[in-house]
Every structure is written in structure tokens, then in C-alpha cells.
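First to last, the protein sequences are chains A and B.
Per the numbering used here, numbering of the first sequence is gapless, rising by one per residue and ending at 939.
Per the numbering used here, numbering of the second sequence is gapless, rising by one per residue and ending at 1939.
Quick caveat, the hints were computed from the structure, so don't treat them as lab data.
It is possible that some hints are incorrect.
[To be verified] Where chain A lies over chain B, by a calculated footprint (3+ residues, C-beta under 8 Å):
1. 1171 to 1178
2. 1516 to 1528
3. 1807 to 1816
4. 1829 to 1840
Beta carbons: idealized from backbone N, C-alpha and C, even for Gly.
What follows is each chain in one-letter form.
Protein chains: 2
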Amino acid sequence: MARDSKESLVNRTLNSGLIGQRPRKGRKSNIKAPSSKRHQKLVFAFGKSTEGRADMRSLLGGKGANLAEMASIGLPVPPGFTISTRVCNAFYENNGAYPSGLSKTVEKEIVNLEIQMNRGFGDPIDPLLLSVRSGAPESMPGMMDTILNLGLNDQTVKGLAVKTGNKRFAYDCYRRFIQMYGSVVLGVRAANDSSEDPFNEILSHIKGEADVEDDMDLEVDALVNLVKKYKSLIKKRCGKEFPQDVYEQLWGAVSAVFGSWKNERAVLYRQRYGIPTSSGTAVNIQTMVFGNLGQNSGTGVAFTRNPANGEKQLYGEYLINAQGEDVVSGVRTPNPISQMKKDLPENYKKLIRIQRRLEKHFRDMQDFEFTIENGALFLLQTRNGKRTGVAAVRIAVDMNKERLMDQKTALLKIPAESIDALLVPIFDPNAIKNVRQVGRGLPAGPGAASGKIVFSSDKARYEVKLGNRVILCRMETSPDDLKGMLISEGVLTTRGGVSSHAALVARQLGKVCVCGAADVLINYRRKEMVVNGKKLKEGDELSIDGSTGAIYAESIPTVSSEVERVLAGRGRKKALPGSNYHLFQTVMKWADKYRRLRVRTNADTPIMSKQAINYGAEGIGLCRTEHMFFDEGRIDLMRRMILAATEKERRASLKKLLPYQRRDFRGLFQSMAGRPVTIRLLDPPLHEFLPGDLKLQREMAKRLDMSLGEVKKRMDVLHEENPMLGCRGCRLGILYPEITEMQVRAIFEAAKQVMLKDGNPPVRPEIMVPLVGFSSELADQVSVVRRVAEDVMKESGVQIDYQVGTMIEVPRAVVTAAEIAEVADFFSFGTNDLTQMTLGLSRDDMGAFFESYTQKEIYDSNPFVSIDESGVGRLILYAVEQGKSARSDLKLGICGEHGGDPASIAFCHGAGLDYVSCSPPRVPVARLAAAQAALIDPN
Amino acid sequence: MARDSKESLVNRTLNSGLIGQRPRKGRKSNIKAPSSKRHQKLVFAFGKSTEGRADMRSLLGGKGANLAEMASIGLPVPPGFTISTRVCNAFYENNGAYPSGLSKTVEKEIVNLEIQMNRGFGDPIDPLLLSVRSGAPESMPGMMDTILNLGLNDQTVKGLAVKTGNKRFAYDCYRRFIQMYGSVVLGVRAANDSSEDPFNEILSHIKGEADVEDDMDLEVDALVNLVKKYKSLIKKRCGKEFPQDVYEQLWGAVSAVFGSWKNERAVLYRQRYGIPTSSGTAVNIQTMVFGNLGQNSGTGVAFTRNPANGEKQLYGEYLINAQGEDVVSGVRTPNPISQMKKDLPENYKKLIRIQRRLEKHFRDMQDFEFTIENGALFLLQTRNGKRTGVAAVRIAVDMNKERLMDQKTALLKIPAESIDALLVPIFDPNAIKNVRQVGRGLPAGPGAASGKIVFSSDKARYEVKLGNRVILCRMETSPDDLKGMLISEGVLTTRGGVSSHAALVARQLGKVCVCGAADVLINYRRKEMVVNGKKLKEGDELSIDGSTGAIYAESIPTVSSEVERVLAGRGRKKALPGSNYHLFQTVMKWADKYRRLRVRTNADTPIMSKQAINYGAEGIGLCRTEHMFFDEGRIDLMRRMILAATEKERRASLKKLLPYQRRDFRGLFQSMAGRPVTIRLLDPPLHEFLPGDLKLQREMAKRLDMSLGEVKKRMDVLHEENPMLGCRGCRLGILYPEITEMQVRAIFEAAKQVMLKDGNPPVRPEIMVPLVGFSSELADQVSVVRRVAEDVMKESGVQIDYQVGTMIEVPRAVVTAAEIAEVADFFSFGTNDLTQMTLGLSRDDMGAFFESYTQKEIYDSNPFVSIDESGVGRLILYAVEQGKSARSDLKLGICGEHGGDPASIAFCHGAGLDYVSCSPPRVPVARLAAAQAALIDPN
């Protein structure tokens, strides 16, 4: 039982669709359809009798499971049934064929619905209408297809008209259905991004003829005409009539939904969030209820708390006399939910009760859809609400205070990435004083962003390739814009509210977003937009503030967040309860209580290391000494060393570099105040220090008093076909031991100087040898390190407690980890290079095929972002086991960029590493991720 | 007992110092000094009572063990003792200090010698003189130091003069001793390659003063004067007197010998032959006998068979009135041993008896040294004789016929590499007709070589770096010339016989060698040589025939060997018993009887595959399809394909390439006549097909009707930082499936065409996908292959039995081998790339540090020549295990260049692979090596 409840906690957390929280790969199997034969039930009803539960989401999808859960606790849910994810997998395994027996089962469920609703599917007198929606185990909002009003045809539309006494309504439903079905099932769509949808084109034309602005103003005849025109469009484009058989409609819709599981945007989405293809989607078939039956009907979307900032309030939007898609699509700008209090007071009261009921039952912030049909309120869906990082933190902290969840659950509810949202930069208050705000929209994704205006994903990609930052500006966004949103700094839309697609996705991506900015008029054709009369062209600078909704027509500098300023000792008064700083510290305190992994930082300068310490870093895990050589003043010394013809010349240059290095290390040691500092010896190939450009080479030659010919000759010698696999890392130190000697001397002399100052705690240098593949390489460098260290300690009489270890970044180092551990005090996994070599994949060169690999789902996720667990990960586990077997007190860490990635941190925790090291801004994320890993896997 | 005899067979084989036969790494421990404490004896006597045996070579070294063995079977050996290799290891472990008790033990042994010889060490009346020589477990001829005549000083020289009644002899011994000791122990040497030895400079001066040509003609007074001058040279260079204390002399010499274990040339030698440093050297201290006591004395070196061609004859050289070093060093050109029959008939008869005795006892061809002191014959050393490849084969076949060894032993006695010697090219008989032979020397290393004349190793390296072939020409070679010999096509010396250093080493390296060419006068300073009056400068072309001794002053084309010509059906009459062809076939027949590994070849053309079949290849293990695209006529089609902007354009070019590929495959399938043919899909990065040079780019652009700008733009896109890790291998086929489709279509259409011809056996294509790291990559390509294959088979109605498999060359493929095996019919280890990625080492770029790594002994051997067993090897073992666990009938092979390397073949045998694949000329070596591996490890 205890185990079950833990499992379900974990699963709830993993599957809650939290922003940016990828499921751990090792746990993929949890969300696969069970393969055992005992559950071969394919279809699950909900409504009067309900067969599903909230914890069956892997089988029923999130939507289906929650519909079943709501129905079973007595919330008003229109009856329906769910075709399970099992069928999706079978559908793909059998090239689009369904399991035998499925059609019979579905027909039986339809009959059940007919009985419950006392209507007939395809009945020309009183037709049963259905919605067909996707619903995957992990929420993928807007990525897959939906069909509403299914069951209408030339006959049933008449019955509906009679039954509702509203012919206009019936034909409005019918034309919506034909458009949806035509577009989704029959593929009648716009040819590309910038051309108009063919149905909308006809609609515009008809509206023009009728001289009306709004669809709602179209008369019945116009709608009947529209239906006729839509049907001939379909006949023209598909070569056959729009289907009149309601079962043909149904299976067409079901197949389209299953088919949409592998459309490009769904694949891209899964790629980004590490959702396995094998999880599949379910299809929910549900009785239609109508929000568009008149002024006593309506539809809306609500959150039980504010998803942007986390405040406790019923938050959302609704439209009177509308269908659900009208709210979500952003075509009409809806009213804030608070207005319902006045317009529909009874139903508002019901919603408030439902808000409480849902939070108490699901114990998380809910995002739910409702429809009011002639005054009767129905819930169409609930799910854990997406939220911004700030909101995630605040909701977790508040719900813990409200005893809705305990501390551990609250911690697990905060996607580790979201702590970053508290640390995002804001516009420089001084700079912004002088900037005129040109417009305003709804604040939908907090943060401050500046960039060039782009109106399409393609243009966004073009500009980003040129190295520019962009703000994607769209009237409204569709799932096709995902590509552009991914690479933009921020998103601006002119239509749609805070629950529009743009807002949802932006929050999920952590993008700055301002939406529904009615002040802004976009003209795609002219590639310009007008903001309150000010004309802006594509490529012009724009700034948006996603926390206030403000729009500025220029680029504005940003400054650090409130949290960072308080941490750095500026603006203490902002540290009040409820402030971002307070939230941050609360969560970090919790995290530190549960995590086992230590968190270090990758830093080369005192400024970086101080920031990292403020963020909670417990040491430096990687100081890249080469960065120290790029400063003006010393780069030429470095170059002189590299270009030296003899060891003597080389030593002369090194001698001059020594004081610089010593000073750098002194600064670092002082700022780290006794915390361990891992210093990597010189790593990159030497030619990286030389100018590539002829003019710069000539200037350098002149400064160094060499001929250009000599310089070129030496550069030729240094040229490498595959620098990644060339003369770098420890190979440099073995070839030129004098370089290692200089660096080690600088380290120990700096340590001595710091320690001789009163009050300084002992310095703890950990010297790290890069690119070791043979234990003999490490042994060679260790002997140099120890010799020089002894020399300096003897000279100064100061005893320094130090360690010498190695990066594990060459596959051979993994294979021979036991031998290497015999000469190493520690291992630090250099997962960047280890990934490159293990996968035979140069990060610089993977662009050519990465997109293709992504589409074909060959890589689970980008292996340079999250550790490739089944490849590189296994090597790490092996190296840990072998290393520990040779030396039980071996210290283990990771210093590749994966050290700041939550999924990779969870892996490192499981692998038994002692610490992760990441860039200073990632330290809080790492602390939180480490705690979550420890909670999920307490061993 | 059975096990012991097998062990000893193996060890004898491994340790016999055969040419080019590296010991298997896994067996290294066999030649380490035993670490257990029970044998802590450090010194072993031989002579009257003998403590060692031939099988104690790991402890006593080869020389010491064989001296002991000879003494124990009653052969005349001057008494002495051996300081074991244990002491060498202790010496290095303790920074040059000896184990306690050693000096006492040595003194005791000296006393024993004094008693046996009835002389006193340092006794001014009747001094005991000693030789001090190195002797490692594996023969390293000339690599380490030797001191003769030790025990002479200003007093004992007088005693020796009186005792021998030959003052000239005594001072001659003394001056030799001082020179050797000065050079070896005290380091008084020439500053560099081209300057004269300082002792020889004095000697020349004295000879000039005395107006004599030969050392032997110097009078006593001149020698006394020489001794005086030598001693002051030493005092001047060392700052102290030449040591007069005989024990000081002894320990100085012993330390020098141990020290020489790690001199540069010894390290290089061990590197080349994979001899572990830990094996150490022993030191042999032995009573001096003198070959320079007059006309009834002499010294010589003999082989029990001819080491150049293997014929059964006493073969060797001797000098009357000389010390051993005179023969070996090449300073005097000795007489052929057959001349002894006339000059010293009694001793010649004794030698013939010893020849038989040695072969019968040691059951191998012996290389022994003897000295005749006043008519008494002593054996100073015996060892298994180095021999050319041809000789190795002939001796093994003959000794089997003579029942000196059984077939298995005979097979193991032939270094696998040496079969190559039967296949070396010879000068084109037609071309040579018109070439005048300018001179002649002794044929000392068979084969034909042409190249530029170089006089030093440095110059050789310079020319070779420029891509030129060189012939190293030296008056005589010293171990310092090893570097140059390694990279030369052949070696020519003007002095020294067939057992000179040059000849020995050249035979061992498989280099063409002509030695003792008295017609040739070299002038190092002027960098020229005169051959019978014809002046040749450094850089001029030279050809030498190591089978005849002929020298030609120009470059001459070569043609294939006799064996190859007979195999190809030309010149059947050469196939007589005793012919090279007959030897070759005998050994190959034996090999095929015992080997388990199949041998395939890497071939892309019918010509290559026919040669390989003649050599016994059983299939193609690697056909690199990219080689087929480089032909004129099609390279532009390929380029058009690469530069295509759209898939349509690409497909159009591919369509044109298809007939070419089909024709290539047809030729290959036809030539392989039903043997399996493994075809690798396109592998290299596309930019390799484009011209790098601007002019060629412009020409190509013109031919392809493109602008240079377009070409450059596309090339920029294709440029990669690390092409090794870029868009290549299966990544190409995944990105552009149409390339895979074309290749597969070409393969199957070709197979169909061949099979439809009457009498052709079924074609067995095995399609190999390169650079797979993820099973999903392979699955993607396998599905393309199977789809196209089905299409072609359906179109043609011909059923083709084919397989699809993958290279294992990316470390991740090893890690996930079980998953990959589920979609692969076979694995072929691409050990070139696997080594590059596992070691993080680009073969193209390792030059920068490889020498330094070699010197520091960081790499055991070049990992691109022999499989790095403890790194890459472990990965291979893991992949085999995982692959087999997933698919028990998985076929396993290797197609990297290691597939032709005997040590690697032994590894592949042990790893349980099914076949190795190598270049056609390596096929015979691989067959032999595979048999040897099976004999050593029959599992």
C-alpha cells in the first residue's frame, strides 16, 4: 500500500504535464500501456456508469481519466466513452487497422449513450451529436485534432433545428462541423502559413455579401448557403461528397485523431518534452452539449488559481452563446470570468463550489472547461493546470500552507526549471523610465524580452540563424507556430486571452508572452503592424513585458531579478513574506533538506563564483583555465608560448604567464572561501588561441616580432582535421610538461598566498586532468602535479590539502575506470565530450541531420541537453562501479552541461554521484532537481 | 605435464624473438619475473656448476638462460654468472639502488670464478678479465650495452702482458676496454649523428702519425700512447680519472647495462615489438676468452641455417685474431665461415658438430657466437636465429620434413608476417634489362626497393614526410639508425657482413637490405656517395635488390612475386617442390587445416577481389562503395547529387549514378562467384567528394552549370568542424533515404543480372549500414533496404538470399549492442573508427604527440596497428556477448585494418568472431595468423 501510494505520487507528478518537466526515462514503462493480456478492455464508458479512474491515465489519457474521475465523484459530465491508448498502439502496429471487435464495442457504447440521452445517433428526428477528442497520457495542448458536432448530416440537421426550435443554431453547428471535419479528417486546408484557410475564405465572402462583421450576425439563409458552399468545396478538393453516414463520420474522426498522434507538431512536442511515442493517445467520444443555444448558454475555461502568478482566485474566461473552441482558439476575445458574477450569477456560484471541490479532490491547481447549455452547467474536462514558473512556486508554497499538500509533494509539484522564472531578468528600471509604452496586451508569460519583430516561424528561424533575437508577432498562434515560438524570446498576439493557445504554450516554454493586444493590428501581407498608429516593420526592434503586458517599440536593456538583487545584498526590503525572494528561499530551504547530491558550479572568475555562492553553490566543479588566457595583455603571451620553437622559449613565455594565472586563482580561492575548487588543466587544442583571420595573424606576427611565414608554418603544423580528437587535454601537458608545471605552480602559489592571509580558511584545490584515456596518461600528469605541489609547499612551508583527479570524458577512460581510479582521487564526468565520443557526434556538426533525426524520432531527446541514459548513461554507471571497486572513497561528480539539467541530475542521483556542477544561474534549478530526485528515489 | 609442454611450446614460440611476432598481450604475465617471494635468488652461476636452464629466460634473459643450458649439456662455455631481471626491476623501482645483499653475492660469484680460472680479479700478476653483457628475455640485438675486457687497469695490464707474453695484445685489450667503458659507462661520445666518435678521432690521429691503415698494424708504443690519450680524454670530459678499482669498474658496467634498458632506442624497439618494460634485462658476467691472441685465435658468428633464404648450411662469418665486437659491428668485413675449413680445419669440424648438436637440442635454427682462444673453441652465446620471412617459412617446412618439429610447431615457428616475404614484389624483369647495375653488395634482406638516397635518419624522416620513398645509405648502421630504417624502403651499407647490425635489423623489419657493398664510398659531409666512380647525391634515385645484392642508380618498376604469378595462372613451372610457391602452398594448407576464423577481404573492384581469391579469401568483408564514385565520368554525377538543392534534383542525379553502381556490383558479384559479399552503404561525409581547390571548384561549377557562388555556399553548408563525427555513415542515408534506395537497387539489380546468367551460383549480398549508434538508426535503414530489395525481387521474380547488418564502430553501438542485434543479421567491427572514438584520437592528428607518447610508453603499441585490447578490445568482447545474447546466430566479423594484423587476429579468434577481413595482400598473413591463434587457444 505504501509502495502504491508512493508510485502514484510519483506518477501523478511525472504525468501531471508540468511545465518543462520531462518524465525520467527509466520510468517510461509506467506510462506505456500494460502489455499483459489480462486488461484487454479497449473501451471505457463514463457517465451514468463509469469504468475509469483518474489513475488510469496511461490507458485513458489525461482527459479520459479525469472525465471518468469527475463523473464518479458526481460532477456534471456529459456521458461518453474513451477508446484507450491500447487501440492507438494497435492502430500504428497494424498500419491503421483496428483490433477486431472494436467497432462492435463502440457501437454498443453508442447504443448506451442513445439510451442515456434518449436520442438516436443519425436519428433524423432527435439526433445524438458527439464530440471526438484526443487525450494522451501527457497533456499536449492543441497538438492533436478534435471534431465537434459529429452526427450532423443533411437529415439530422433538420431534426436538430426542429428539436431546438432554432434553425440558425442547427445550421451554425452543421457549418462548424463540416469545416472542422473537412479540415481535420479530409485535409482541406490552407496551402501554407500565409494563405487563408479555404473555409474561412468562403465565410469571409459570405459575410461580405451579407455585410456583417461577426459570424453570429449571419442569418439562417446565409448559413444554409455556407453549408452548401462548404460541401462543394469538399467535393471539389476531395473528389467525393461530404459523408452523410454518421458511422462513417465517426470512424473518419477517430482515425484522424489517432493519425494526428504522429503529425509533425505532435512529434516535435513530444521530442521537446521527452514523451515516448509508445504512450499513444486515447480518443474520447462524448455527448455534445451546446454553449451556443442562446444568451442563457455559454462556455468557458477556468483555472482554480491564477496560472500566471499563482494567486488564489478563480481565474479564466468565458463567452456567452459560443462553443468551446471559440474561447481556446482566440478568434473571439472572451470576457474575464469575474464578469459571470453579474451575467450568470447562479452558474458563477456553482463554479466557485466546483473550484473548491476540484482542488480538494485533485489536490492541485485545475484547469477546467465548462459549458452552460440553457442554464445547465457541464464540466467537459479538468486537468492539472499549466502554469508559469512563478505560479508553480507560489501555488506549491501556498497549497502546502493550506495543507492541501505536504512539503515533499509541494517540492515535487514545482518543475525544477520553474525556479528559473523567479530569476529571470526584468527591464532596467532606469532605462525604462525614458521609454514610451506604445501599447498593452494581457500579461500571459512573465519576464522581459527584446528582439526583432517577425511574423512567421520561417522568418524567426532565418533571423535566429543570423544570430538575432526575435519576438514572434501573430494575430493568434496555432500549433504550427510552435517551431517559431521555441526559438523566439517572446510572443505577442493580438487576439485571444490568457488561456489562448499562445499563452498556454508560451508559459509552458517559459517564454515571455503578451496576448490579446487589441491595440496592435498585424498585416501579414505587408509584413508590418500598427500599434496605436505607430507603424512597425518586420525586423524592427520590439520589447514586451510579460508580467505587465506592456509593449515598447524599441530594444530595452534588462537587469537582474528581484531575487538576485536581494541575494547580492541589494534591496533587502523586497524579502517580505509572499515576495519572490521569500518563495525562492522557502523552496530552496526545503530542497536542501531533502537532497543528497551536492551542487557545485562551473566558474572561472570571482564574479561568477560569487553569483553561484549566492545561489547556493557549495564549491567549484569546473574552472576552465583556458578562459583565463583570452584576456588581452596575456593572449599574446599565450601565443608566444604556442609559437615557441624550443622548450626554452616556451618556458620563458610560461614564466611570464605565471603571475597572471596566480592572480586569477587567488581571486577564485578568496571568493570561494574554503569551498573546494576543481581546476582543470589546459584543455583546448592550441590553435584555438591563434587568430584565424589573415589580418589578425599579420598584426600578431608584428607584435610578436615574427614573420608571417613563421606564424603560418607553425599554424599549419597545429592544424587538425578533427580538433575534437586531436592534441588537446592531457596530451598537451604530456607533450609540454612545462605547461602543467606552470599551471600547478600558479595554483599552489595562489593557495599559499590566500592561506597566509589572516582569517582565510584553508584552500582546497582539486586539480583535474582532462581527456584521460589511459591510466598512464593520468599517472604522468599526476606525477608532475605532485612534484610541483611538493616543491611549492616546501618553498613556502604551507601545507595544502589537495586532490588530483581526472575528467571521465573519453570512452576508453570508462572502460579502464578501475585502472584510472588507482591514480585518481576523483572522477568528474565530462558529459559533453563523453557524449560526442560515445555517439560519434560532433555537437558543432549535428545541425545537418538533427532535424531529420528529430522528425524520425531516432533520438529520444537532444543528447547534449539530457544525458543519453541508454548510451552514455550506461557508461557512467559502469565507470562509477569500476571506479568505486578500485577505490571506495573515490569522489564522483559531473561537470558537463548536463549538470544543470533536471533529468540528468535525477540520473546522477541514481548513479550515486557525489555532486553535480553547473553554470551559476542553474544552481537553484540543480538544488531543486537534486531534492526531487532524492524524494523520488530515496536510496 | 601436457599443459606444461603446451605452455612451453607457446612460450618458446612467443619468446623466440621471431621477426615481427609480437607477444600476445594477454600473455604478458608469462614473461614477467615471478612476483612470489619463494624465488628470491638474484644471481645464477653457469660453468662448472650451473644453476639456470633454457626455460628460465624470463629470469635470466635469453642469453643467460642459453649459456646455462649450453653449459649444462657440456658445450664449451666460459664460466660466469647472471644477475637476474629481478634486479633490473628492483633497480628501477628504487631509483638505481640494488637489493641488499647483491654486492656480497656478486663478490662470492667472482671468487668462484677466480677459483675455477685460477686467476684473480684485479690481480696484477694474473688478472681475471670479465665481459659484462645485457640479456633480456626477448632478444633486442644491439639495443643495450656491453663491456668487454673488464678488470684491466694500469697494473693488471702489465700482468696480462707478462702472462700472455704479448704486450701488444694486453694494451690493445686495454685501449678497447677504455673506449667501451668511456663511451658506455662514462658517456664520452660523439655529440651527434654526423660527428666522429672522440675515441676514434684520437685513434685515426695516432694511425695517421704511425702511418698505418689498420688498427692491427699499430705498434705497442702507439697503443700505450693511445691508452694515455684515451685516459686524458676521459679525465677532460668527466672531470675525473678512468677508474682503476676493478669492482668500481664492475658496478659501473652493471649499472650502465641496467640503465641502457631505458635508453631511447631500447624503448623504441620494445615499442615496436610490444615488449613490456616490466620484463627487464639480466646482466651476464662472464670470463673473457680472447679471439685476438694471434693467428691461432679468432671469433665468429654462425647460423645453423642460412638466415636469408633458409637453406640448410652452416652460415656465418669469422675473423682471425679479433674480438667478437669486430664481427658484429661491421667495422671489419669478416670472412665467410666456409673459409674456416681451410684456415682452421679442426675448429671447423667442431663447429659442424656443434651445429647439429644445437639444432637437435634447441629444435630451431640457432644463431651462435664463438671465440677461438689459442686454438680452443668456446661458445659465447646461442639463441634462436633471426631470419627473413622466406627463411622462416623454408626452415619451418624443412624442419618438419626432417622431423625436428611437428606440423603445429612448424606453423607456430613462422611469424605470420613473414609469409608476406614470399609475396614481395621483384624488379620488373623487362624494365631491369635496360638498367645498368652500378655496384653490388651482400644480399641481406630480400625484395626489391627503389627510393631517394638519404644518409641519415633525420633526412629520411624529412623525405618521408614529403611523401617520398627513401633508401637509407650508411657506412654501417648503429642502433641509432633504427628510426630511419623503420621508414625506409631499404638499407644499403658499405661495411659489415650478413650478420651485421644492418642486416639483422633489416631482416627483422622486413626491409630490403644490401650490406657490405665495398664498391660504394660514402661521404657524409658532402652528402654524396661514389659507386664505382659514379657520383650520387643525397636525393638521387637508387634501387637495390636484397635478394641478389645488386645496386642500380635509378628508379626501377617492380612486378608481383613468383607466388602471385603462379597463383594468377602465369608461370606454372615455378611451382616445383622447394619453390617459393610450393612453400607458400604447404604452409597455407597447414594453416587452413587448423584455423577456425574465416578470412575475407576488403575489396571494391574485380581486380582486387580476384587477387584476394587467389590468396585464399573466402568472401568480401568490406566493399567501400564510395570508392566507386571517384571514377571520372561519375564523380561529377555524384557532385551534382551532393550539390542538389531539392530531393527531386538529387533523385535525378542518383538515377544516373545507378547504372554505374549496378555495373560495379555486377563485376564484383561475378568475380566472387557465390562467396558472400559485404557491401557498406555510402559512408564518408559528402564534402569529401568536392574539390578543395578554388580552380577545380570553378571548373566543376562550369561543368555542372552552376555559379561558383552557389558551389561555395553549398560547400560552406557541408563544411564540418570534426568531419569524423559529422554527417556521415548512416546519417547520410537517414537524411537522404534516396541515396540508400539507389545503392540497394543497384545491389539487387546487379545480383539479379548475375544470377540470371547460366551457371552462376546464387549471389550472397550482405548489406552493411555504417556508423550506427542507435538501434533506431539501423532500423530506419534496414526498412529502406528491405523495401527496395522486395521491390526489385518482385520486379524480377528472382529470389535473393541477403542479410542486413551493421558496422560496430561507434562506442554507443557497443553499449547498446543487444538492442542493435535485434535488427541486425551481422556485426562487423569497424575497429579504425571504433579506436578513434573510444580513444578520442584522430588518426590524422595523432602525429603531434604520438612520438612523445611512445617515448613515455603511454601507449603499449600503436592502437591503429594492433587492437588496443584493454580499451577497444574490452568493448568488442562486450558487444559480442551482448549481441549474441540477443541473437544467437549473429554473424561476427572485423573489417578495420586490424583485420590483417596477427596480434589483432589472435584477439579476434579469442573473442569468438566468425571472420576477419583484410586487404587482399594480407589474406595469406591472416590465414596463417588465424591458424596460429587456433593452435595457441584451441577453444
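Structure-based check of each hint:
1. 1171 to 1178: violated (count 0)
2. 1516 to 1528: violated (count 0)
3. 1807 to 1816: Answer holds; 6 residues pass the 8 Å Cβ test.
4. 1829 to 1840: Answer holds; 6 residues pass the 8 Å Cβ test.
This entry does not satisfy hints 1, 2, going by the numbered hints stated previously.
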